[in-house]
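**Q** Using the sequences provided together with the hints, build the complete structure.
Given next are the chains, with one letter for each unit.
Protein chains: 2
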Amino acid sequence: MSRIYDRVALIGLGLIASSMGHAMRRHGLAGHVAGHAQSEATRQAALEIGFCQSVHATAADAVRDADLVVLAVPIGAMGAVAAAIAPHLKPGATVTDVGSVKQAVIEAVGPHVPGPVHFIPGHPMAGTEHSGPYAGFATLFDNRWTILTPPEDGDAAALGRLRSLWQAMGAKVAIMDAAHHDSVVAVVSHAPHLIAYTMVGVADHLAQVSNSEVIEFSAAGFRDFTRIAASDPTMWRDVFLTNKDAVLDILGRFHEELFVLQRAIRMGDGPALFDYFTRTRAIRRGIIEAGQDTAAADFGRAKPDPA
Amino acid sequence: MSRIYDRVALIGLGLIASSMGHAMRRHGLAGHVAGHAQSEATRQAALEIGFCQSVHATAADAVRDADLVVLAVPIGAMGAVAAAIAPHLKPGATVTDVGSVKQAVIEAVGPHVPGPVHFIPGHPMAGTEHSGPYAGFATLFDNRWTILTPPEDGDAAALGRLRSLWQAMGAKVAIMDAAHHDSVVAVVSHAPHLIAYTMVGVADHLAQVSNSEVIEFSAAGFRDFTRIAASDPTMWRDVFLTNKDAVLDILGRFHEELFVLQRAIRMGDGPALFDYFTRTRAIRRGIIEAGQDTAAADFGRAKPDPA
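Top line first, the protein sequences correspond to chains A and B.
In terms of my numbering, the first sequence opens at residue 27 and continues consecutively.
In terms of my numbering, the second sequence opens at residue 27 and continues consecutively.
Calculated directly from the structure, the hints in this document are not laboratory data.
Computed from a predicted model, the values in this text were never measured in an experiment.
If a hint is listed, it holds; no wrong ones were tucked in.
Intra- or inter-copy, both count: the list cannot distinguish identical chains.
Pairs of lysine to aspartate or glutamate, DMTMM-like flavour, derived with a Cα cap of 25 Å:
id: 1; residue 1: K270; residue 2: E283
id: 2; residue 1: K270; residue 2: E282
id: 3; residue 1: K198; residue 2: E239
id: 4; residue 1: K198; residue 2: E242
id: 5; residue 1: K270; residue 2: D295
**A** Listed below in structure tokens is the structure:
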């Protein structure tokens, strides 16, 4: 594939930005990738790993002459970063972000973006439980969705170019209204994360079951919860604070639903439980058919060996 | 490794029994493996796949002359199976089971087991979201725990032999009181499964987010929930009905805990959320250090390729 932007600036050099750096380099999608992180150690790591060609002590320096600026900092830091870079943005440049909440980012960043600059919020729905510059890899976005939430009156050419970049990095791209995006991710990502955090927390302070037992015997479902609950605390704090309404709505529904199942257990209502569990199986089948996961048993942890 | 039992009978030929068959065959641990399943198709599959050397239309026929009988049927069916096989058990034989709840199995099976037969309940803490005779594989138990809950006055030699079998099939073996077992699994397995089922159910009947979107955009946490929620409905119905008290206790704690986090979100209490999420990370580290999971990102779904 060929170059899409001459100069890209990555602001924040964690899992997502480093993966973008690797993916752009793999396919030659950017002439130069400049990077900024607050920590000197992170900046040096980015250079040594090689997913940035230059690093800069300030975000303002990093964005100079950039055709594309990617804000990849926690959502709570987006507003301050936008204010810092605004005077240094090249006219005609595109600013995007990778935050998991879109309305809050638009409110925080939008007012700072100067007229001749295109602001196209984005959210790559990919990640792992690891964070930091060493966590990134070129294939993170392969076959995963990136959602873009451009303003209604936005520039079509700028949107087309950003969409091409994501596609060239391996992603499928969906265009969506920011409010709708925030509802969707509350269901498929934010609420499940909070629930996983909660279950791990419950296990943590159970007195009758010692912690070492929880850890030793975690092979079943709980292990998957701990993986989710190991994600970056700063990022998730900001997600919940900024997508508050949608998350609280889903949690309300979740409590109701759990109470119904809990009551079925208490009343010994086997048919109700069986029907419920049969229905959820169908959703899983849909996900495998949609190509969003593998049917390999246990995530391919154990390799079938019927010898 | 060498033969541990001359003749083993597997009653029920699903994921766990078929995996035991494969694992015993791999290491030559049983002279002959006899199998029984209610369905003729399942019995034929077991023969064709080759994890049983003979199959029998009744459980009574399958257990004749067996040195070890493994009850691998849903917990709700254990009592009836035990009653059916009781008159046909060989004196000195051992009966074990693989149910996820131990007190209920002891109550259902124990009274049927004749005096000269050893009853040693067991629970291999391993599985995948797949079920049936084609789901099994020889390495399912490798490095996973199997918990045995023998009676206090049980036969030490019989216990030692069963423990050797599990170890030879790759498992680590823990001996535990049945009541304590049921509390531990309520935390690490049963409650997390119910919660995953619930979250998938919530997503299923949300009107503002269409089902296809839930499926398309499931890459984040939700995908892991659907995997858990795809497990065998009959097995899980019986688990919740028979480990009722321990599960309801954990669910009560879970609601309280979730309400606390929910309140922190509503009040915008960032520090509380951050502290909570930092604490849960440590538990994840413990699980990786205990060898119960891999540190590979995203369960090794995506292969780091920092090229």
